[in-house]
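Enquirer: Chains as they are written, first to last, in our numbering: chain P, 1 to 363; chain S, 1 to 152; chain Z, 1 to 374.
Be aware that a few hints might be false.
Dumping the calculated DSSO-like pairs for lysine-lysine here, alpha-carbon to alpha-carbon at most 30 Å [unchecked claim]:
no.: 1; chain 1: S; residue 1: Lys7; chain 2: Z; residue 2: Lys216
no.: 2; chain 1: S; residue 1: Lys141; chain 2: Z; residue 2: Lys297
no.: 3; chain 1: Z; residue 1: Lys253; chain 2: S; residue 2: Lys148
no.: 4; chain 1: Z; residue 1: Lys43; chain 2: S; residue 2: Lys23
no.: 5; chain 1: Z; residue 1: Lys267; chain 2: Z; residue 2: Lys190
no.: 6; chain 1: Z; residue 1: Lys240; chain 2: S; residue 2: Lys23
no.: 7; chain 1: S; residue 1: Lys144; chain 2: Z; residue 2: Lys267
no.: 8; chain 1: Z; residue 1: Lys354; chain 2: Z; residue 2: Lys328
no.: 9; chain 1: S; residue 1: Lys148; chain 2: Z; residue 2: Lys189
no.: 10; chain 1: Z; residue 1: Lys41; chain 2: S; residue 2: Lys77
no.: 11; chain 1: Z; residue 1: Lys41; chain 2: P; residue 2: Lys159
no.: 12; chain 1: S; residue 1: Lys77; chain 2: Z; residue 2: Lys240
no.: 13; chain 1: S; residue 1: Lys118; chain 2: Z; residue 2: Lys41
no.: 14; chain 1: S; residue 1: Lys83; chain 2: Z; residue 2: Lys58
no.: 15; chain 1: Z; residue 1: Lys216; chain 2: S; residue 2: Lys77
no.: 16; chain 1: Z; residue 1: Lys301; chain 2: S; residue 2: Lys85
no.: 17; chain 1: Z; residue 1: Lys190; chain 2: S; residue 2: Lys83
no.: 18; chain 1: S; residue 1: Lys36; chain 2: Z; residue 2: Lys58
no.: 19; chain 1: P; residue 1: Lys339; chain 2: Z; residue 2: Lys41
no.: 20; chain 1: S; residue 1: Lys23; chain 2: Z; residue 2: Lys209
no.: 21; chain 1: S; residue 1: Lys37; chain 2: S; residue 2: Lys118
no.: 22; chain 1: P; residue 1: Lys57; chain 2: Z; residue 2: Lys190
no.: 23; chain 1: S; residue 1: Lys144; chain 2: S; residue 2: Lys77
no.: 24; chain 1: Z; residue 1: Lys249; chain 2: S; residue 2: Lys23
no.: 25; chain 1: Z; residue 1: Lys328; chain 2: S; residue 2: Lys148
no.: 26; chain 1: Z; residue 1: Lys301; chain 2: Z; residue 2: Lys41
no.: 27; chain 1: Z; residue 1: Lys189; chain 2: S; residue 2: Lys144
no.: 28; chain 1: S; residue 1: Lys37; chain 2: S; residue 2: Lys7
no.: 29; chain 1: S; residue 1: Lys141; chain 2: Z; residue 2: Lys58
no.: 30; chain 1: S; residue 1: Lys77; chain 2: Z; residue 2: Lys43
no.: 31; chain 1: Z; residue 1: Lys216; chain 2: P; residue 2: Lys57
no.: 32; chain 1: P; residue 1: Lys339; chain 2: Z; residue 2: Lys209
no.: 33; chain 1: P; residue 1: Lys159; chain 2: Z; residue 2: Lys43
no.: 34; chain 1: Z; residue 1: Lys216; chain 2: S; residue 2: Lys9
no.: 35; chain 1: S; residue 1: Lys118; chain 2: Z; residue 2: Lys253
no.: 36; chain 1: S; residue 1: Lys23; chain 2: Z; residue 2: Lys190
no.: 37; chain 1: Z; residue 1: Lys209; chain 2: S; residue 2: Lys85
no.: 38; chain 1: Z; residue 1: Lys301; chain 2: S; residue 2: Lys23
no.: 39; chain 1: Z; residue 1: Lys249; chain 2: S; residue 2: Lys37
Simulated from the structure, these hints should not be mistaken for lab results.
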Amino acid sequence: MDFNIYDFTSFTKWVDNALNSSMSPLLAIIIELIIIGLVFLLFYAIVGLLLVYAERKVCAVIQNRYGPNRVGPFGIFQTIADLIKLLMKELINIKHADNFLFNLAPFIVIIASFMAIAALPFAKGLQAIDFNIGIFYLFAVSSLGVIGILLAGWSSNSKYSLIGAIRSGAQVISYELSVGLSLLAIVVFAGTMQLSGIIESQADGWWIIKGHFPALVAFVIFLIASTAETNRGPFDLAEAESELTAGFHTEYSGIKFAFFFLAEYMNMFIVASIAATMFLGGWMPFHIAGWDGMNAIMDYVPPIVWFFGKTIFVILMMMWFKWTFPRLRIDQLLNLEWKYLLPLNLMNIVLVAFIVLMGWYIK
Amino acid sequence: MTNDQLKEKISEWVSGIEFPENKQYLEVLVPANSLKKLAELLHNTPETDFDYLISLSGVDYVSHLAVVYHLESTSHKHFLVMKVKTEDRENPNFDTVNEIWRTAEWYEREVFDMFGIKFNNHPDLRRLLMDDDWVGFPLRKDYKDEIKMIER
Amino acid sequence: MKEVIQDIIIRNSDDYIINMGPQHPSTHGVLRLELSLQGEKVKYVVPHIGYIHRGIEKMCERDTYQQIIHLTDRFDYLSAHMNNEAVCLNVENALEVEVPERVKYIRTILDELNRLASHQLWWCAFGMDLGALTTFFYGLRDREVILDIFEESFGSRLLHSFNTPGGLMHDIHPNFQKRTKEFIKYFRKKLPEYDQLLSNNVIFQMRTKGIGYMSKEVAISYGVTGPSGRASGFSCDVRKNHPYSAYDKVDFKEILDTTGDTFTRYKLRIAEMWESMNIIEQLIDNIPEGDYTAKMKPIIKLPVGEYYQRVETSRGEMGVFIISDGNKFPVRVKFRTPNFANLFVLNKIGSGNKIADIVAISGSLDLVIPDIDR
Numbered sequence: 001m002d003f004n005i006y007d008f009t010s011f012t013k014w015v016d017n018a019l020n021s022s023m024s025p026l027l028a029i030i031i032e033l034i035i036i037g038l039v040f041l042l043f044y045a046i047v048g049l050l051l052v053y054a055e056r057k058v059c060a061v062i063q064n065r066y067g068p069n070r071v072g073p074f075g076i077f078q079t080i081a082d083l084i085k086l087l088m089k090e091l092i093n094i095k096h097a098d099n100f101l102f103n104l105a106p107f108i109v110i111i112a113s114f115m116a117i118a119a120l121p122f123a124k125g126l127q128a129i130d131f132n133i134g135i136f137y138l139f140a141v142s143s144l145g146v147i148g149i150l151l152a153g154w155s156s157n158s159k160y161s162l163i164g165a166i167r168s169g170a171q172v173i174s175y176e177l178s179v180g181l182s183l184l185a186i187v188v189f190a191g192t193m194q195l196s197g198i199i200e201s202q203a204d205g206w207w208i209i210k211g212h213f214p215a216l217v218a219f220v221i222f223l224i225a226s227t228a229e230t231n232r233g234p235f236d237l238a239e240a241e242s243e244l245t246a247g248f249h250t251e252y253s254g255i256k257f258a259f260f261f262l263a264e265y266m267n268m269f270i271v272a273s274i275a276a277t278m279f280l281g282g283w284m285p286f287h288i289a290g291w292d293g294m295n296a297i298m299d300y301v302p303p304i305v306w307f308f309g310k311t312i313f314v315i316l317m318m319m320w321f322k323w324t325f326p327r328l329r330i331d332q333l334l335n336l337e338w339k340y341l342l343p344l345n346l347m348n349i350v351l352v353a354f355i356v357l358m359g360w361y362i363k
Numbered sequence: 001m002t003n004d005q006l007k008e009k010i011s012e013w014v015s016g017i018e019f020p021e022n023k024q025y026l027e028v029l030v031p032a033n034s035l036k037k038l039a040e041l042l043h044n045t046p047e048t049d050f051d052y053l054i055s056l057s058g059v060d061y062v063s064h065l066a067v068v069y070h071l072e073s074t075s076h077k078h079f080l081v082m083k084v085k086t087e088d089r090e091n092p093n094f095d096t097v098n099e100i101w102r103t104a105e106w107y108e109r110e111v112f113d114m115f116g117i118k119f120n121n122h123p124d125l126r127r128l129l130m131d132d133d134w135v136g137f138p139l140r141k142d143y144k145d146e147i148k149m150i151e152r
Numbered sequence: 001m002k003e004v005i006q007d008i009i010i011r012n013s014d015d016y017i018i019n020m021g022p023q024h025p026s027t028h029g030v031l032r033l034e035l036s037l038q039g040e041k042v043k044y045v046v047p048h049i050g051y052i053h054r055g056i057e058k059m060c061e062r063d064t065y066q067q068i069i070h071l072t073d074r075f076d077y078l079s080a081h082m083n084n085e086a087v088c089l090n091v092e093n094a095l096e097v098e099v100p101e102r103v104k105y106i107r108t109i110l111d112e113l114n115r116l117a118s119h120q121l122w123w124c125a126f127g128m129d130l131g132a133l134t135t136f137f138y139g140l141r142d143r144e145v146i147l148d149i150f151e152e153s154f155g156s157r158l159l160h161s162f163n164t165p166g167g168l169m170h171d172i173h174p175n176f177q178k179r180t181k182e183f184i185k186y187f188r189k190k191l192p193e194y195d196q197l198l199s200n201n202v203i204f205q206m207r208t209k210g211i212g213y214m215s216k217e218v219a220i221s222y223g224v225t226g227p228s229g230r231a232s233g234f235s236c237d238v239r240k241n242h243p244y245s246a247y248d249k250v251d252f253k254e255i256l257d258t259t260g261d262t263f264t265r266y267k268l269r270i271a272e273m274w275e276s277m278n279i280i281e282q283l284i285d286n287i288p289e290g291d292y293t294a295k296m297k298p299i300i301k302l303p304v305g306e307y308y309q310r311v312e313t314s315r316g317e318m319g320v321f322i323i324s325d326g327n328k329f330p331v332r333v334k335f336r337t338p339n340f341a342n343l344f345v346l347n348k349i350g351s352g353n354k355i356a357d358i359v360a361i362s363g364s365l366d367l368v369i370p371d372i373d374r
């Protein structure tokens with residue numbers, strides 16, 4: 001196997017071999033887990049902070065203003081300063097709240113988003129665990145977060161929180177369907193549920209191009225549904241500042257609030273990277289079958305750059321939605337899902353199956 | 001309708017009406033017991049058609065308490081000021097007009113709050129602007145509050 | 001017989017009550033709305049007011065007429081100029097003072113500029129209520145230009161007690177006409193952006209069309225005036241029906257619509273902004289030369305009597321009822337403020353809708369809370 005600086009498989013193999021040869025296998029696995037855990041924790045914190053900063057700058061551009069520009073050059077340390085402020089804030093205990101569940105809720109939310117990162121392929125071989133049912137795992141884990149939101153709303157003994165939580169429950173459960181079905185379209189195209197397999201299948205072109213019309217429909221539906229699933233505007237009914245003050249996290253303060261806040265941004269990153277992986281080829285460079293010269297040039301760009309570039313593209317789209325659209329009402333939100341997106345999605349899957357059967361996609 | 005026609009019409013309907021002098025507009029002083037009857041007639045008769053209650057204010061004239069109704073007709077564009085007064089400062093009360101002009105419900109609550117004038121058959125006569133446990137009626141001339149008010 | 005209009009509030013002990021306010025982002029101030037919920041649906045809305053009651057009517061009884069002017073700014077702080085004007089016109093009419101033409105023109109221009117600034121802020125806040133956060137900055141960007149003009153001429157941006165019985169406090173700044181014309185030119189370009197950003201948005205139209213319907217009868221019976229009343233077909237524009245200042249000299253339309261839902265109230269205010277610009281353009285070049293105030297005595301004593309004057313503020317009809325006993329202090333001053341009447345229609349048009357609709361409806365009524373509480 002030739003050495004390629006863009007292929008991390010040999011690097012991870014080397015780390016694995018080095019550890020196994022110097023200590024017992026059990027200890028080696030434990031140390032590997034700790035390394036991965038620390039790396040992800042660091043990654044999580046950095047991405048969270050950067051996303052908060054990015055959102056502030058993006059919304060500032062959309063709204064004709066400067067955004068943070070005091071702390072550090074271009075205000076890049078603003079989010080760090082905010083984090084320190086949130087860490088030092090008092091944790092207010094709510095009377096008559098269910099204290100155990102109240103404290104548990106932010107952890108459930110943050111753990112759910114944390115678990116999802118494990119299956120994301122950042123580059124070739126740079127993936128913590130490559131399940132053969134990777135897509136299923138991502139569905140399962142990303143919908144765990146709603147339990148935390150429901151607990152937060154219920155346990156904080158506030159009417160605003162409860163309404164926010166119930167809205168969020170109804171919303172996430174219904175939009176989960178659309179997220180799943182739109183991804184299923186790509187699974188049918190690729191013929192596998194393994195994330196690395198799906199990326200390999202896009203070596204000669206991304207699914208959004210190869211799958212033409214039905215893939216595009218699936219992509220748009222996925223964008224809408226995943227924005228809704230992450231409770232971001234225009235689907236931020238769970239928070240709905242002008243109606244419910246802050247929805248399910250009205251009663252939270254300090255670092256517990258920061259957990260919800262961070263989890264929201266991480267969820268956005270996760271759905272954006274799933275969109276990038278499934279529709280836009282993940283870390284796979286832009287290839288057109290037959291154009292070898294261009295394909296070779298594209299290969300010079302590292303896969304990490306491709307992956308994050310595509311993810312950031314999707315994230316920017318989601319930010320753009322949030323800062324231009326008004327919020328939907330709860331019944332309109334559910335109508336959109338059950339009356340429009342779901343039937344459309346089901347028809348789309350049938351269409352995809354038919355296209356795959358006839359081989360009408362671009363090969 | 002011109003002011004003279006209105007005067008004629010109103011004196012036909014209700015007895016005991018007075019028309020005080022006013023440079024700007026027609027003013028009608030109604031006896032308290034025929035207030036509601038006149039209000040209903042003014043509102044429901046097509047020729048008068050006073051369907052818009054602009055404002056309802058309580059006034060303390062020291063010698064008596066009064067309620068002033070500023071009325072306008074949106075179709076005929078004529079304007080009328082209806083006044084009703086009582087000398088009873090302990091337990092003043094008038095009939096409510098809130099079924100006729102809905103906006104009166106809250107104006108009447110305000111008048112009750114500020115002057116202590118009660119309105120019979122009012123659906124929800126509570127204090128509106130002041131606290132529920134406020135003592136006294138602030139806009140009356142004899143209201144005293146040594147701490148919060150500066151005398152001049 | 002006319003149809004009897006009522007609103008129904010049936011309280012049960014097991015109602016799920018939510019108190020929206022006194023501190024809440026969408027009540028625009030210290031207003032408390034008691035909402036009774038059935039799931040997301042609102043059974044009834046009971047407004048509770050008085051959190052910012054300052055007793056201005058009582059204060060007026062120990063103030064001279066010049067002093068009262070400064071209190072009126074604090075009702076509807078977004079149409080401070082019109083509130084001033086109501087008192088000034090009332091005093092001038094009672095004294096039968098003829099104010100110079102120049103004053104009338106300037107007052108009318110300032111009225112309309114103030115109306116524009118007020119509608120711009122309303123537009124910002126309405127977008128925010130519906131969750132479109134970007135509108136806030138677009139509206140404020142344009143409002144800032146007007147406030148700069150105000151600042152230059154009056155030394156104050158918001159509560160400029162520029163009117164005084166008999167005329168104005170001082171003459172306008174030499175730059176005033178030039179800058180106002182520049183602003184009109186600028187804002188004619190910017191106002192279509194409002195439509196692009198919000199009015200034409202599908203979600204926005206879904207949220208506002210057919211919500212909070214108010215019929216003409218309801219509007220009249222509840223005394224809902226201003227753009228909210230006119231959206232229901234209630235022709236209540238005081239500028240047109242009882243012209244004051246220079247409104248009889250300008251050619252403008254009273255914008256009326258009969259649809260009466262939240263979207264109509266929205267569109268009507270946008271249309272009013274265009275109309276306000278028309279009025280300013282007709283007047284700005286024709287301000288006559290002359291004094292900025294009529295000759296007035298330093299101590300104003302109104303003749304014995306009762307006086308009523310109405311003007312059109314940006315939210316509806318403002319009335320001032322003064323009772324004088326010939327002294328320098330009035331016996332009683334009653335302010336008929338537009339928002340007081342506008343607020344209480346909320347249960348009639350709001351109950352039966354969703355929580356989010358209540359926010360939209362109260363936003364479309366354009367409530368300013370100090371105006372309600374006085």
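Enquirer: Run every hint past the structure and note whether it holds.
Expert: So, going through the hints one by one against the coordinates:
1. Lys7/S / Lys216/Z: holds (28 Å)
2. Lys141/S / Lys297/Z: With Cα atoms ~28 Å apart, Lys141/S and Lys297/Z stay inside 30 Å; holds.
3. Lys253/Z / Lys148/S: Distance ~47 Å between Lys253/Z and Lys148/S Cα, so the pair is violated.
4. Lys43/Z / Lys23/S: Distance of about 48 Å is beyond 30 Å: violated.
5. Lys267/Z / Lys190/Z: Roughly 16 Å separates the two Cα atoms, so the pair holds.
6. Lys240/Z / Lys23/S: holds (22 Å)
7. Lys144/S / Lys267/Z: violated (49 Å)
8. Lys354/Z / Lys328/Z: Answer violated: Lys354/Z to Lys328/Z is near 52 Å, above 30 Å.
9. Lys148/S / Lys189/Z: Violated: Lys148/S and Lys189/Z sit about 51 Å apart, past 30 Å.
10. Lys41/Z / Lys77/S: Violated. Lys41/Z to Lys77/S sits at ~40 Å, over the 30 Å cutoff.
11. Lys41/Z / Lys159/P: OK: Lys41/Z and Lys159/P at ~14 Å, within 30 Å.
12. Lys77/S / Lys240/Z: Status holds; Cα separation ~12 Å.
13. Lys118/S / Lys41/Z: violated (35 Å)
14. Lys83/S / Lys58/Z: holds (21 Å)
15. Lys216/Z / Lys77/S: holds (16 Å)
16. Lys301/Z / Lys85/S: It holds: about 26 Å lies between the C-alpha atoms, which stays within 30 Å.
17. Lys190/Z / Lys83/S: violated (49 Å)
18. Lys36/S / Lys58/Z: Between Lys36/S and Lys58/Z the Cα gap is close to 29 Å, so the pair holds against 30 Å.
19. Lys339/P / Lys41/Z: It holds: about 21 Å lies between the C-alpha atoms, which stays within 30 Å.
20. Lys23/S / Lys209/Z: Violated. Lys23/S to Lys209/Z sits at ~46 Å, over the 30 Å cutoff.
21. Lys37/S / Lys118/S: Distance of about 18 Å is within 30 Å: holds.
22. Lys57/P / Lys190/Z: It holds: about 24 Å lies between the C-alpha atoms, which stays within 30 Å.
23. Lys144/S / Lys77/S: violated (42 Å)
24. Lys249/Z / Lys23/S: Cα-Cα ~25 Å, so holds.
25. Lys328/Z / Lys148/S: Given that 30 Å is the threshold and the Cα spacing comes to 23 Å, the pair holds.
26. Lys301/Z / Lys41/Z: violated (55 Å)
27. Lys189/Z / Lys144/S: Between Lys189/Z and Lys144/S the Cα gap is close to 57 Å, so the pair fails against 30 Å, i.e. violated.
28. Lys37/S / Lys7/S: holds (16 Å)
29. Lys141/S / Lys58/Z: This hinted pair holds, its Cα atoms lying about 10 Å apart.
30. Lys77/S / Lys43/Z: Violated, at about 37 Å.
31. Lys216/Z / Lys57/P: Outside the cut-off at roughly 46 Å; violated.
32. Lys339/P / Lys209/Z: holds (20 Å)
33. Lys159/P / Lys43/Z: Holds. Lys159/P to Lys43/Z sits at ~16 Å (cutoff 30 Å).
34. Lys216/Z / Lys9/S: Roughly 27 Å between the alpha carbons, so the hint for Lys216/Z and Lys9/S holds.
35. Lys118/S / Lys253/Z: Given that 30 Å is the threshold and the Cα spacing comes to 43 Å, the pair is violated.
36. Lys23/S / Lys190/Z: violated (47 Å)
37. Lys209/Z / Lys85/S: Between Lys209/Z and Lys85/S the Cα gap is close to 46 Å, so the pair fails against 30 Å, i.e. violated.
38. Lys301/Z / Lys23/S: With Cα atoms ~17 Å apart, Lys301/Z and Lys23/S stay inside 30 Å; holds.
39. Lys249/Z / Lys37/S: Cα-Cα ~42 Å, so violated.
When each numbered hint is compared with the structure, violations occur for hints 3, 4, 7, 8, 9, 10, 13, 17, 20, 23, 26, 27, 30, 31, 35, 36, 37, 39.
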